[in-house]
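**Student:** So you can see what is in the structure, the chains are spelled out below.
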Amino acid sequence: DVKVTQSSRYLVKRTGEKVFLECVQDMDHENMFWYRQDPGLGLRLIYFSYDVKMKEKGDIPEGYSVSREKKERFSLILESASTNQTSMYLCATSRGTTNEKLFFGSGTQLSVL
Amino acid sequence: GNSVTQMEGPVTLSEEAFLTINCTYTATGYPSLFWYVQYPGEGLQLLLKATKADDKGSNKGFEATYRKETTSFHLEKGSVQVSDSAVYFCALKNTGNQFYFGTGTSLTVIP
Numbered sequence: 135d136v137k138v139t140q141s142s143r144y145l146v147k148r149t150g151e152k153v154f155l156e157c158v159q160d161m162d163h164e165n166m167f168w169y170r171q172d173p174g175l176g177l178r179l180i181y182f183s184y185d186v187k188m189k190e191k192g193d194i195p196e197g198y199s200v201s202r203e204k205k206e207r208f209s210l211i212l213e214s215a216s217t218n219q220t221s222m223y224l225c226a227t228s229r230g231t232t233n234e235k236l237f238f239g240s241g242t243q244l245s246v247l
Numbered sequence: 673g674n675s676v677t678q679m680e681g682p683v684t685l686s687e688e689a690f691l692t693i694n695c696t697y698t699a700t701g702y703p704s705l706f707w708y709v710q711y712p713g714e715g716l717q718l719l720l721k722a723t724k725a726d727d728k729g730s731n732k733g734f735e736a737t738y739r740k741e742t743t744s745f746h747l748e749k750g751s752v753q754v755s756d757s758a759v760y761f762c763a764l765k766n767t768g769n770q771f772y773f774g775t776g777t778s779l780t781v782i783p
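For the protein sequence lines, the chains are A and B, in the order given. According to this note's numbering, the first sequence is numbered sequentially starting from 135. According to this note's numbering, the second sequence is numbered sequentially starting from 673.
The hints are simulated quantities; they were obtained by calculation from the structure and are not laboratory data. Because the structure is a prediction, the values reported are computed rather than measured. Heads up, a few of these hints could be off.
[Unchecked claim] In the PhoX-like style, the derived pairs of lysine-lysine whose C-alpha atoms are separated by at most 25 Å in a straight line are: (1) K749(B) to K235(A); (2) K749(B) to K724(B); (3) K728(B) to K152(A).
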């Protein structure tokens, strides 16, 4: 079975802290995505990557960066966490150029105090 | 641009009731359309999809038909069960690799 694993289910951080959210997949998928999910706003794309060391900005990249040093791992970094980054963060993957199906992790609920 | 609009929730139905969740989209070109479902405490998973006009996607008793003339992809089920309680997201994928999601509709089915 396809597996997308996010390192933490719940995370509490303080304003100004540097935060790392990790996502690991075991499916050898080329594409990886980071979304945030907020009530009334649905899913919004933060960053995505088509290959190792490649990254593309999504719709709301401000305040975030990403790293993809290995194919199976895609990290989301909050350089200096702020309260408006309190959200559910979802990692997703998909295969190749057809990209017709996303596989999601269970999400990380981040609270920034 | 590309966007998806789906009906506001929450929706509460009795078991065996008929379900419709409306979804309309705006897109250039010919997008693929999807319904994803998120059960409590889990990530989203694909429920069904349709890749061209007049296609019908179906899975687990759910159906949706790609209507180009009305730019719609409404989700329907004839008889819902308690286990269908979840959040449902309509989405589109256009040329390129980005998906665009609606805001989600929460469904609660009561026995």
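**Student:** Broken hints, numbered, in rising order?
**Tutor:** 3
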